[in-house]
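Novice: For reference, the chains in residue letters:
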Amino acid sequence: MQYLVSVIDDKSNPGSTDRQPAISAFNERLIAEGYWVFAGGLADTDAATVIDNRGEQAVFTDGPFVESKEYLAGVWVWEVPDLDVALNLAAEASKVCDRKIEVRPFQ
Amino acid sequence: MIDVGEAVTRAHHDEWARVVAALTRRFGDLDIAEEAAAEAFATAVQRWPADGVPANPGAWLTTTANRKAIDRIRRENKRDDKHKEAQLLYDNTPPEPLGAIDDDRLRLIFTCCHPALAMEAGVALTLRMVGGLTVPEIARAFLVQETTLEQRIIRAKAKIKAARIPYRVPAAEDLPARVSGVLAVLYLVFNEGYLASGPDTDPVRHDLTAEAIRLTRLIRALLPEDGEVAGLLALMLLTETRRTARVSASGELVTLDEQDRGAWDKALIAEGHRLVRERLAAAAAGVAPGRYQILAAINAVHTSARDIRDTDWSQVVALYDQLVHLDSSPIVALNRAIAVAELDGPEVALAAVDRLEDELAGYHAYHATRADLLRRLGQSQQSRTAYDKAIELAGNTAQTANLTRRRDQLR
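Sequences listed follow chains A and B, in order. So that you can map any letter, position 16 of the first sequence is 15 in numbering that gives the first Met the number 0, and since no number is skipped, the others follow by simple counting. So that you can map any letter, position 101 of the second sequence is 100 in numbering that gives the first Met the number 0, and since no number is skipped, the others follow by simple counting.
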């Protein structure tokens with residue numbers, strides 16, 4: 000079962016910026032235990048572009064699809080047996096990243 | 000001659016959770032289990048009067064429900080893909096490794112009270128799947144529309160499936176946290192019964208308190224070593240013992256100091272005290288008690304006293320001191336202050352209560368407590384204002400009646 004694990008940051012109350020070594024160590028553990036599928040940190044939401052090509056021509060909009068205080072700072076994809084395993088790992092991930100985490104199953 | 004209606008009711012009480020739990024394990028689907036269990040009980044209602052009550056009602060119901068579930072899967076598979084049938088009926092993969100205790104009902108309870116489900120969803124799902132209450136019964140109990148409640152249950156079941164919430168007793172290291180989630184659900188059910196929140200409902204809902212006690216007894220039987228389970232059961236029993244003395248003939252809430260203690264249920268007190276003694280022995284042996292055990296001990300002080308003056312208030316305050324260490328919530332501080340009033344007088348208590356204003360200004364009990372302390376200090380004007388505020392915020396009809404009388408008796 001795969002889960003998208005989102006790291007959520009808050010513009011008005013950002014998490015600490017010195018987490019990279021701890022995150023790398025945590026990633027190595029995820030790989031060793033066979034849970035790791037993918038991981039990636041994201042650039043600032045200012046760097047996002049929204050594309051809408053449902054009409055006659057593509058419209059490009061500068062910025063993220065939704066402006067909000069909270070935003071996606073990075074993602075993982077984990078392969079784990081069930082939600083309990085995902086939640087236990089996510090609880091650790093939240094400490095490691097010093098940020099909130101959302102766990103969402105793939106269909 | 001056995002009354003068949005009574006036999007069905009008893010079987011429903013004793014066997015519903017077992018049937019649902021066994022079917023959920025076999026078919027891996029709460030929907031199928033729930034529907035098949037309901038059909039099996041409906042069949043029992045039709046057949047038992049003519050055929051007689053089977054020697055082993057539980058086995059009869061499980062077999063019947065199994066058959067209903069297989070019928071349903073076959074029926075659906077004629078419409079859907081043939082694939083699913085094979086997968087469901089011939090799933091020979093070994094069961095998940097077991098946690099500390101193996102009982103299907105325990106799996107069911109932990110799944111329904113999973114921390115990934117909202118509290119209200121957990122409550123509804125537990126009462127339906129484990130308690131066997133119908134959707135209209137639960138909707139009535141919590142004063143929500145049947146369709147709303149139905150949706151809540153459907154949504155919870157869909158999340159269990161989509162997010163793959165496991166049907167499993169948690170691992171030993173996760174057990175204390177997960178048990179506390181289950182107990183929180185049951186305590187909420189009990190409290191809603193003990194002080195019903197709605198203006199249009201009976202002030203005390205015995206159906207809910209009884210159901211909460213029944214489910215807590217079940218968990219106690221399944222997890223006999225867990226101190227907090229014993230603590231919550233004791234707390235419920237020692238609270239429930241006062242139920243009949245708690246509302247007057249005119250429908251007014253009777254506070255602890257005015258209750259007829261002769262009307263308290265002695266059997267419940269005896270059982271509650273036994274549990275509290277068991278936990279005191281464990282505490283003496285070095286097992287730190289959790290909040291339900293401490294709350295149960297506080298209630299045991301009350302149920303041991305002949306009247307309000309006979310109450311060992313220093314013991315009550317000492318127990319609240321212990322509770323404050325575990326739970327720094329302002330509500331615990333408020334209840335501690337109420338005990339302090341009996342030990343050190345209303346003035347000391349009022350100072351402590353006033354410090355909680357920022358956090359509790361929207362809570363009826365805060366104003367009711369202040370009103371009572373101000374009345375005892377002879378400050379009628381301020382007391383009246385506090386009673387007004389408490390009456391405005393209280394939802395329970397019997398409580399409103401009590402507060403109104405006390406306000407109107409002020410000179």
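No wet-lab data here; the hints were simulated from the structure. Any given hint could turn out to be false.
In silico PhoX-like pairs for lysine-lysine, Cα to Cα no more than 25 Å straight-line [claimed, not checked]: (1) A/K99 to B/K160; (2) B/K160 to B/K265; (3) A/K10 to A/K94; (4) A/K68 to A/K10; (5) A/K10 to A/K99; (6) A/K99 to B/K158.
Residues from chain B shown here face chain A by an in silico Cβ test under 7 Å; the list is partial [unchecked claim]: (7) I164; (8) G250; (9) G261; (10) K265.
We treat Cβ as the ideally placed atom computed from N, Cα and C, and that holds for glycine.
Novice: Now tell me, hint by hint, if it's right for this structure.
Specialist: Each hint, compared with the structure:
no. : hint             : in the structure
1   : A/K99 to B/K160  : 24 Å, holds
2   : B/K160 to B/K265 : 45 Å, violated
3   : A/K10 to A/K94   : 18 Å, holds
4   : A/K68 to A/K10   : 5 Å, holds
5   : A/K10 to A/K99   : 13 Å, holds
6   : A/K99 to B/K158  : 21 Å, holds
7   : I164             : 5 Å, holds
8   : G250             : 46 Å, violated
9   : G261             : 50 Å, violated
10  : K265             : 43 Å, violated
Hint check: violations occur at hints 2, 8, 9 and 10; the rest are consistent with the structure.
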